[in-house]
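Visitor: Take each chain as given, in its own frame, and dock them per the hints.
Line by line, the protein sequences are chains A and B. Take 76 as the starting number for the first sequence in the working numbering and just add one per residue. Take 4 as the starting number for the second sequence in the working numbering and just add one per residue.
In short, the hints are calculated from the structure, not lab data. Here the structure is a predicted model, which means the values were calculated and not measured. Treat the hints with caution; some may be incorrect.
Unchecked claim - Calculated lysine-lysine pairs in the DSS-like style (CA-CA distance at most 25 Å, straight line):
no.	chain 1	residue 1	chain 2	residue 2
1	B	K36	B	K56
2	A	K384	A	K325
3	A	K406	A	K421
4	A	K340	B	K36
5	A	K305	A	K340
6	B	K113	B	K238
7	A	K384	A	K340
8	B	K62	B	K36
9	A	K421	A	K384
10	A	K242	A	K231
11	A	K421	A	K402
12	B	K36	A	K120
13	A	K340	A	K325
14	B	K56	A	K325
15	B	K166	A	K305
16	B	K238	A	K305
17	A	K305	B	K62
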Amino acid sequence: MDLLRFATAGSVDDGKSTLIGRLLLDSKAIFEDQLEAVEATSLSKGFDYTDLALLTDGLRSEREQGITIDVAYRYFATPNRKFIIADTPGHVQYTRNMVTGASTADLGLVLVDARQGLTEQSRRHAVILSLLRVPHLVLAVNKMDLVDFSEEIYNKIHAEFTQFATKLNIPDLQVIPISALQGDNVVTRSENMDWYSGPTLMHHLEHVHVASDRDLIDARFPVQYVVRPKSDEHHDYRGYGGQVAGGVLKPGDEVVVLPSGMTSKIAGIDLFDRELTEAYPPMSVTVRLEDDVDVSRGDMIARIRNAPKPSQDIDAMICWMTTAPLKPRQKLAIKHTTRTGRALVKDIQYRLDINTLHRDLESNELGVNEIGRVQLRTTIPLLCDPYSQNRATGSFILIDEATGATVGAGMVNSGN
Amino acid sequence: MTDTHADYRLSQLDQLEAESIHIFREVAAEFEKPVLMFSGGKDSIVMLRLAEKAFYPAKIPFPVLQVDTGYDFPEVLATRDSWVDRLGVRMIVASVEEAIATGVVVDDGKTSRNRLQIGTLLHAVEENGFTAAFGGGRRDEEKARAKERIYSHRDEFGQWDPKNQRPELWNLYNGRLHQGEHMRIFPISNWTELDVWDYIGREGIEIPNIYFSHQRRVFERDGMLLTESEHNPCKNGEIASERTVRFRTVGDLTMTGCVESTASTVEEIIEEVAVARVTERGATRGDDRFSEAAMEDRKKEGYF
Chain A
76 MDLLRFATAG SVDDGKSTLI GRLLLDSKAI FEDQLEAVEA TSLSKGFDYT DLALLTDGLR
136 SEREQGITID VAYRYFATPN RKFIIADTPG HVQYTRNMVT GASTADLGLV LVDARQGLTE
196 QSRRHAVILS LLRVPHLVLA VNKMDLVDFS EEIYNKIHAE FTQFATKLNI PDLQVIPISA
256 LQGDNVVTRS ENMDWYSGPT LMHHLEHVHV ASDRDLIDAR FPVQYVVRPK SDEHHDYRGY
316 GGQVAGGVLK PGDEVVVLPS GMTSKIAGID LFDRELTEAY PPMSVTVRLE DDVDVSRGDM
376 IARIRNAPKP SQDIDAMICW MTTAPLKPRQ KLAIKHTTRT GRALVKDIQY RLDINTLHRD
436 LESNELGVNE IGRVQLRTTI PLLCDPYSQN RATGSFILID EATGATVGAG MVNSGN
Chain B
4 MTDTHADYRL SQLDQLEAES IHIFREVAAE FEKPVLMFSG GKDSIVMLRL AEKAFYPAKI
64 PFPVLQVDTG YDFPEVLATR DSWVDRLGVR MIVASVEEAI ATGVVVDDGK TSRNRLQIGT
124 LLHAVEENGF TAAFGGGRRD EEKARAKERI YSHRDEFGQW DPKNQRPELW NLYNGRLHQG
184 EHMRIFPISN WTELDVWDYI GREGIEIPNI YFSHQRRVFE RDGMLLTESE HNPCKNGEIA
244 SERTVRFRTV GDLTMTGCVE STASTVEEII EEVAVARVTE RGATRGDDRF SEAAMEDRKK
304 EGYF
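Only chain B is shown next, with the shape it has when bound in the complex (with noise of 0.2 Å):
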């Protein structure tokens, strides 16, 4: 298949993965080991697919990470092992319940599984001696994270400081490193959820099924509607019913929310996110709920 353009102008859509494939080469070019986040969740597999364009036809050149919460949803770990498979890519998995049982991390029954990611993922970091690690955050998700750089420098403690980072300028990224610290590279740092999901539409991307609307028993905690499952039971009163929903942001079950939704292609999900009036993340994450810089906290922690 062949392709001109008689204007040379490039669709948005066009520019924003010609960026993005621009950083993930000079990251594999530049870094000694790299490795790319992966959730299995929209927005990370987005990534593994940008990836993929930027090396084809040679394979991937680093391993995906993938922080195992043992609270994820059955079908993104499915998704996520066929995306491997496909792809022949080495994938490692850090467990937050190993976390746990060997101390790295501690669970006090109140922290979430969300936050016991942020010290397994450091510790998997370290361990591997990865000095690069690719994220799906986006700047359009959040406000701290609309002043985050494409490379964003950590310490040796995995620490974000805001207030000192490095200017950014034209697409010449600075990726120089002391020993022991590592860089958060974000590909798709300028790409909002309308055109992630423009994008699994366009290329016709393999996403987990959950999604999409499906029925599924669920009860309202906070305004938002969770999922009930032996980890996270129904409590005082809150009571469990079938409902047709589907969630806009995948991660731990116990935190992630879903909407009442009836979309159940792509399409769908494009003409309803187009009209959304809350942010996926305000709708669906309770782990942004904290406070008002929950996220800016986080990241300073190591967070991704």
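Extracted from the complex, chain A is given alone in its bound form (with noise of 0.2 Å):
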């Protein structure tokens, strides 16, 4: 069985929790004593509804205003697939959320009321799910009952959002019409629209075709921790533990380790007490080289023709995550791979209007929640691809070093 990571987004009004909560309740996900408290709760509010939003709403203060504050991890299976919704919040002033969200998603689903068509919030989340390289994107044209099932008004919707489309980087999409509270083209086809001939939304959640999304061409693989057990029965074990960035690592394969440039074989690659004949993303392994190279966390294997180039000049798209604005001259921590050092922001090109995509190169500084371009340099070279390659090696998060907080994620351009 495999595993579907998938954010979602679109404000409560679009029908985003009775969604969710279909898609729970006909998997089976959710459980008597979970139900009998969200109806509960209900009651005790005076709904004259159970309102499956209290499922997803797990704070109290979440619960107390009626509104979804952070991102929410929810479970559930079909007998061919397992899945992890990021549930996450719409408001533009979450967008942050819908980045936390978006960064591990394989795919993205975006709900618009059909009674409204697209709006601005729809586009915004369509620009953050190409923006974060969510690879599969899901417009799920919701609330068809209320527009009589019309396939008009879904096709005009369809071609907007196609159009709109086309500026961005969606290499899959797919548009569905549904009504969550009916349960229309959810789990089950609908009856009231026989003019659509696409699959349900849990039909393509469950056979869209992810394995391919990886990067198995570049081999990349940021050492984590060096194991050395320096005991009786394993005195020279000598091994580098880390998860797979990209590529397909073998035994034999020739090797150099960044950034010193040092070159080597991969003598073995070992899972706890198995020895792998090949190890790929996203595989947690340790890897054991043929020469005593020095090697230490932070380090990158990557193969000798096929190396990222160590660079302290990054280009990268930032979201900016806290309400101090990041200013040009200012100085963070930065974390990329297992590297950390310290980065000062050069410049700030440009910010981007996520709702027109409009390029704002007057404005010199990101505020909350915004995305720019911005250029840094770093105390360290990091090994970095572009983002748009290799989602793990071109992506990166800044630090403030007073507070501790985690500030801005970042999406390499490219090293110069």
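Guide: Okay, structure coming up:
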């Protein structure tokens, strides 16, 4: 059985909680005690219906205010696949939470209300999912029951979105008309929309092909931890623990250790007490080299003729996540793969208006939840690839050294 | 033994394992003094197994910490000891009894041992100077847990602030701390109860025998089947009887209920869990029944 991680976006009014509730209910991932608790709370709040949002709004303050503040992770399974839902809030002030949910997602699910059509918010969600290189996008046109299951309205939204999507990088787009409330095209095919011949949402989630989304060409192995038992039994064992970030590693491969540039060959790849014939993303393994070269945490093992070039000048898109704005000359800590250093903001080239995709060149700072193109100079060379090529070696986080908070998410355009 | 995968796809259990191992290694590399909270229950045993894998053939490079309520199941303590012996890890026991005796926490006769664990645990974390404490919490257990990060920041009082969590992006974890703060780390956040059982079955992992069907003298209280014992005698009108039961979670025996079940192998338990209509906590944990936000409230105080 394999795993699909998907992020949902859309405001409460778009019916997101109802949709998630239905996916969970129909896949029997909601338990009786959970449902009873939600029914009891709905009743005590005086609702005349069971508010499924209470299932996902897990915090006191969220239930008080009736809004989703933070990402919640939900789990369900069908006979074909396991799913992790990152349920992200849709409001503009929570863009950072959507970025958080999208950073690990294979698929993004954007909901629109068929009565409203595309809103600024749905465009913004699509832009964020595309910036985060979420490879599959589903636009679920919800509340079709409230527009008499009109093919015309669906076609209009479909056309408008497809037009908009040409400006973005969305390799795979699926548009599905649904009614989350009544269950049309969620798990079972709708009898009300015989004009629609595509898959139901569940069928699409179960069958979308995600295995090929990883970079299996460029071997990248960031060293996390040096394994040295120094026991009698394993006296000379020296292995490098890490999670494969790209490509396929095999014993016998000629490799280079970055940034030192020393070369060697892979002597063996271990996973616990087993020796593997190959390792690929996202496996966590221990790699042994033939030569006793100096390798430590923060180094990267790559193929000799296919290695990232160490660079201290980074050009990246950054999503800023804290109230104090990002400004030129600011110094921050940066974590990229297993390497940590410091970064200086050299220039903020533009702020991206995520509603219009307009590049605001005048702006010289990034406010909270804003995304822009930034030039950084780092204290240590980073071993990065463009984010478009590899989400693992093309991403980094920025940390405020005074508070310790994570304040920025970065996606590398290129190293210079 | 060797493996090859022609299609370069990992099963979801292998993906979860890879993610957990990555987290264990990050913490061991970046934190000065980690510790693994180890109750001897199924989740913490899976955690210990993952830690073993992360550093093999080297030993696990941090100790384990058990918060002993004094009311723990003897079968669980026996399994705990056998794991610790086999792996050769150092074990620290923080005893609630001792914490009561030395005044670290106050037993007013009304507070549960589960709640007294909070102060006992925080005291042990502080006394030993631990900067990171691994816990076996899973997001599918409870709705407040579903909101928690894998790296869960705790202030100098051990408190969780759910409204002010650090965004967690890709697999880039931020372990920055100020003096006196620590981090709770949940490497199996993304596992479900069923995943844990699948993994126990696949790996042939030894767990306490009370997870399997057995005969036990139990009585009914608040809709739960509780073990009759000197710490937990029958009260007004409750009658104990011998029943065929097993436990879905283990904890303080005065609060942890069992379920009637004849499942005596991991395979049978998996079948049972797959069709269960009540969550493991809902079925068997008295401590989550105090209020709708019982778990969130305890976590804010420093619970794991």
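Visitor: Now look at each hint and say whether the structure bears it out.
Guide: Tested hints:
no. : hint            : verdict
1   : B:K36 x B:K56   : holds, 20 Å
2   : A:K384 x A:K325 : holds, 22 Å
3   : A:K406 x A:K421 : holds, 10 Å
4   : A:K340 x B:K36  : violated, 34 Å
5   : A:K305 x A:K340 : holds, 23 Å
6   : B:K113 x B:K238 : holds, 15 Å
7   : A:K384 x A:K340 : holds, 20 Å
8   : B:K62 x B:K36   : holds, 16 Å
9   : A:K421 x A:K384 : holds, 20 Å
10  : A:K242 x A:K231 : holds, 18 Å
11  : A:K421 x A:K402 : holds, 9 Å
12  : B:K36 x A:K120  : violated, 46 Å
13  : A:K340 x A:K325 : holds, 10 Å
14  : B:K56 x A:K325  : holds, 20 Å
15  : B:K166 x A:K305 : violated, 44 Å
16  : B:K238 x A:K305 : violated, 57 Å
17  : A:K305 x B:K62  : holds, 10 Å
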